[in-house]
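Participant: Turn these sequences into a full structure, and let the hints steer you where they fit.
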Amino acid sequence: MTSTMFKDHRPHVIGLGEIESRNLTIEKLALFKEVPKCHMHSEKLSELCCKTCHYVPICMACGIFGRHKGHDLYEVNALAESERAGLVNKLSTLTRYKDSIYEMKEKLTKAKQILESSVIENDAQLRREYEKKKSETFRKLMSVDDEFEAGDISNHSPATSQSRQKYQEICDEERKYIEQARNDLKEDQEVQKRQLSCKLENSEKEFEKLSTSVQTQRRENHENMDALSDHLDNIIKRYENAAATAASILTTKHDWTDVQCIPDICSALDLLTVEMRKDFPKLDSLSAITLNQLAPLSEGSRLDTPFEKLVSVIDVTEMKVNGWNINSLSGSPKQDVMVVTGEATAYNSHLCIVDITSNIRGKSTFSSQSFCAWRYCTFLSEFTVATVADPGEIGIYDIRDRSYTKKNISDVIAKCPPSQRVTCVTTDAAQNCIFVGTNSRDVYVFDDQLNLRHTITLPDVIRAPINITYKKDNLLVCDVSGKTAYAITMHGQRCKQMYKFSQPDFDGGDWSHRSLCVDRRGFIYMLWSARISGLRKRLLVKYNKDGGHILKAALVDGDRSSIATVDTDDGEKLIVASYSGGSLLVYGLNLITPVSMATPNWKAGQPYAGLGRRGEATCAFYNYHLYLNGEWLSRYTSQMLHKLHGNTSQVTMFCTSDKEKCMASHMGQSPHNISSY
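Under our numbering, the first residue of the sequence shown is numbered -8, with each subsequent residue one higher.
Quick caveat, the hints were computed from the structure, so don't treat them as lab data. Misleading hints may appear alongside valid ones.
[Claimed, not checked] Distance ranges between label pairs, derived from CB positions:
(1) 327 with 512: 39 to 47 Å
(2) 254 with 228: 20 to 28 Å
(3) 512 with 90: 47 to 55 Å
Note that the Cβ used here is the ideal one computed from N, Cα and C, for glycine as well.
Facilitator: Structure follows, in structure tokens:
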């Protein structure tokens, strides 16, 4: 009987979570248990409720003659009924989404079970295929040995057959031929054995790679599903708490409690309803792993390979509020900032200095000399930025004092065509060169004083550059056609085409390039765009260092239009900017130092010169790593090396033990413990 009576009982409480989030203090709730006094006249009971002042209790005198005269006043019982009706309505709306949340939770549990089954199935299938290939290779190896031991060489050398016909006549001659044929056969068989052994070794490596990939996808999918599960648990907990609190309020029907609590509860229900309305990710991709997805891994190139890890999404609020667009961005080689340029208004362009946390550290606006306020930028040094603006402006901006020096290319170039317009810019910081692309095949090269050095004419395959990036004596050029991009090698004023970038063949789209950049390791990134099934899509592609092969690719959301890399305390990041809205995607790039991965196991005190070297010791903020016994052991910045050695060009690293302690020494100086800096 007792269990039946209290089966549907809900305690008369307001959830602690809602008390904190809605600022319902214990003192405030205590006042709800009795009819409150007028907040101005403590000796009088309240007769009215002022909705204008957030439902404070007042007496009749305050409402007619006092400070609440003219406010939105209600009798508490009528207002309480209205608030209760509103709460019932919001609770009804929230309940409609309850089933989908619980259903998603059940689907998530099933998806985890399917994932485990898929992993087991794929592991078994990979093992079967590997064992089959291994057995076939062993059989071929054995057949080669058996064939040689049997001495069957008649089918391997025509000279042997001839020698046997002459056996009776010239035995010595015949023996010579047979021995030669036997040696030839042995050599051929050794080659076959080496090839088969190599194939077997490659098969084993491929099997290990595929097995590792299966487990990696399993772990990543589990992490994603666990995160989704925690989110659903949080929503369910909030819903149950909200439902219990609302039911308690509606059951007690205490007018003053209802009037002052229900508005806060309704606000919390509105927020929860928004959360419950959101679409949840499809679970199909998280619950299954297929061999069709994994097979291309052995080829080293695939379009559905997971891209670099998306670290965060930054919203530059000020740019969004002002309606400023982004045409270009560039990361500082040393400072933890980037410069963003684009259209501010129809007649003005902007240049903003933004850090990785979305704070604008400085900004400037410029009047446009054209009907298009486009502006493009790239860092020239640690503190200076080369920037160009339509139609012919070129300038250098100092991010320290926001000073700006500019010229017009028509004033610098004697025979500049009237229709000449600047379209892009890149720099060679080591040589203080600024490369300015135009709407023709001419690329103008300026120094850091904006003096013209020379002009480069691009090859005939290029109509005009729409985007250029400098990479080790080469220019990476995106053609204005949008369909082709090339690597151009330069020799003074002369240049020639090295190779053409592969256009992505993904999702049946006719892809056009939007932007490109190069990271510190030399890998090339390009942003492509295509209209597929009536929708505009963006594809972020990573190429190898030579640009000949696509390594990775991923679709990115929004109207992404510009990409660049920036150095941070957490390593190098890839930034993908939207054209409008001030949104920036931040991808983490795995730093790989230029030491061989086949590093030996070092002994204590054994020197290894140039470990993790990347540039001069004066180049601060670059990351260094120590690779020891197959693991990355320590991470520090060149600021430490600069503090130790100043402008050194050679640093020798010593391992003092098999653990994380390492020391630096230069030119016979006493080694300093890096951890002390």
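Participant: Each hint: holds or not?
Facilitator: To see whether the hints hold, each was checked on the structure:
For the pair residue 327 and residue 512, the supplied restraint of 39 to 47 Å is violated, since their beta-carbon distance comes to about 19 Å. For residue 254 and residue 228, the Cβ-Cβ distance of about 23 Å falls inside the hinted range of 20 to 28 Å, so the restraint holds. As the Cβ distance of residue 512 to residue 90 is approximately 50 Å, the hint placing it in 47 to 55 Å holds.
Against the hints set out earlier in the document, a violation occurs for number 1 only.
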